[in-house]
Amino acid sequence: MIPFQFRLERRLDRKWWHSVLTPLLSVLAALAAGAVFLAIEGLNPIRVYLDLFEVSFTDKFGITDSLTVAVPLILTGLAAAVAFRMNLFNIGAEGQLYLGAIFGSWAGLQFADGLPTIVGVGLVLLAGAVGGAFWALPAAFFKAYFGTSEIITTLMLTFIGLFFMRYLIFGSKSFWRDPDSANFPQGKKVPESARFELWGNTRLHWGLIFALAVVVAVWVLIRYTSIGFDMNVVGSSHASAQYAGIPVRRTVMFALLMSGALGGLAGATEVAGRAYALDPNGLQLGLGFTGIVVASLARYNPFAIVLVAVFLGGLRNAGIALQGLPGERVPVEVSLMLQGAILLFAIGGEIFSHNRLSLVRTTKAVAT
Amino acid sequence: MNDTALVLTLAASMAAAVPIALAALGELLAEKAGVINLGVEGMMLIGAVTAFQVGDASGSLWLALLAGSLAGAVFASIHAFLCVTLRANQIVSGLALVIFGIGLSTFIGKSIEGQPLATDFRPVRFGALADIPLIGPLFFNQDPMLYATIAIAVLIGVYLNRTKAGLAVRAVGESPGTADTMGVAVAAIRYIHVMLGGLLAGMGGAYLILGQVPSWSQAGTTAGIGWIALALVVFASWKPMRVILGAFLFGFARRANFWLQGEGVDIPAEFLSMMPYLLTIIVLVVWGTRDLRRKIGAPAALGIPYIRDER
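Chains G and U are the protein sequences, given in the same order. So that you can map any letter, position 4 of the first sequence is 549 in this note's numbering, and since no number is skipped, the others follow by simple counting. So that you can map any letter, position 112 of the second sequence is 1185 in this note's numbering, and since no number is skipped, the others follow by simple counting.
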């Protein structure tokens, strides 16, 4: 046998700066690991990292583009957070986002023409939230009343949603498809009144303010309302919730539906703020899955979600922005690889901030 | 009735079943030990890109398959470290593994994109048996990996249900506390089976690039097979031989389009693609409710980190 083993011990002397230092160290460790792969491929890691930082966080357009990418991530991050903090693993924000985009673009195409922008966009967002909640409904119902694992149902529904969305644009001449796009099928564009206004000449839109408002709303709901209180109790123990007379099933349903609605809102903001149509290609970027990791890194705290989303948004944006630059620069794949590495290191780092890993000898105790 | 089209479709479905079944059998091993690993898609991609590079450099099919499998196992060890040693959330870690796997494989595979690979799996003909109508092309003229996959499923079934080591694995997945008391090394067993899971997922990815898809095309190489494998484990209610049968069914859903069109049945391809996921939900809802959970075989401690100190 191996004469030693790792043992994880809870840190008793947890300092406030641990929670600041941990994410930073995790990112640095991930960049160091990424540097190894970059060097193997014959690239200069320092140069690559400077380029990444430059395109996403230095000039005005870089920053606004990063924030634009962060908008749906904030919402999918919230979607995961409200469910995960209750140990309800809705991993289907991806599919709920697709349904939000389908419902949202439907509302925009159907009703928004001629309406004032605030009403038109409002309809898109409302329909998106309904679409997301609708897609979470089967998972929520079966979880609450039959105890069926929501992990599997939400994951399966994600792919059913994905293929349904592709059917609407690529597989049929549906209401959502632009009839003029015979060779390269695309979604029909929603009218101006269903689009978020842009900020100046940037691509950033008012969806950012909307997402931040949702962050505050979710925080208030969890912190200061009775349903939020119920959610907290049910999250920590079904038994004590039952004893306190809290309707456990209804609370589980509510949490999962709210999570779905938030995922749907992410899809709706993509329609109203960036794609202006049901855009299967643009949506297949794992925004929902990344949201889960955003929520986890932010420890399910709504405000921390914003920071993490902006950071990951910048990294995603760097990947896209680097493609558009002239000359031989950084390959676009680097940003995706780094995202994954940062996520993995941050998950590990998060544990280290709470615990200490020590190497203990496991030589058999001698009988005395 | 157009027999040849149906036979060709069925034969193709069986080939399409191989990578799905391999990845699902791997996931089954990990889940039986109590660790859910959603990172299958990532491990398959890493296996595929490694197999291509090694196959390209060495020209050896089997070396490429071995390298892809080992790469999958190494990649899975990240998940094992995070979830077993550090007790991270298995769901979050698995998803991060997918993102890292897509990113890393795309980065490594940048130079090989679109290139064909010289080596390829060839079918093994069982002499005259291969000429028997229907049965011949389906069972006696397939490439060797199909037979290997069925053999692996049988072996896993025997291992889990008929050996002492398999009993220990099931104990770790059902009740790690009890297993620990009995002197079973919970952490070691979880590590080994998560990595065996990665080995089989990597093998599935390697087989894809060596035997089925014409060239490396980033995440399109696996095209969601890793997720189907996750569904299949549930669909097959954690039973190895049912994984094989389910894989044929899911493989058929991926290949039936061509035949159905010939028959004049016009089901959109997207709806066929939904079938595995829809069937899995139905199976889960009908048999997977709380009270009947034991019956379908989901390990009781699935997804729960084991902490000895706080027992």
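Please keep in mind that the hints were generated in silico from the structure rather than gathered at the bench. Predicted model, so just to flag it, every value in this text is computed and none were measured. Among the hints, a few may not be true.
Here are some chain G residues pointing at chain U (derived, C-beta under 8 Å) [unchecked claim]:
no.: 1; residue: Ala584
no.: 2; residue: Gly831
no.: 3; residue: Met882
no.: 4; residue: Ser898
C-beta: ideal position from N, C-alpha, C; glycine also.
Tested hints:
1. Using the Cβ-Cβ criterion of 8 Å, the hint placing Ala584/G at the interface with chain U is not satisfied: the shortest such distance is roughly 12 Å.
2. The beta carbon of Gly831/G comes within 7 Å of a beta carbon in chain U, closer than 8 Å, and the hint placing it at the interface holds.
3. Because the smallest distance between the Cβ of Met882/G and any Cβ of chain U comes to about 4 Å, under 8 Å, the interface hint for this residue holds.
4. With a cut of 8 Å, the hint placing Ser898/G at the interface with chain U is violated, because the nearest CB-to-CB distance is about 11 Å.
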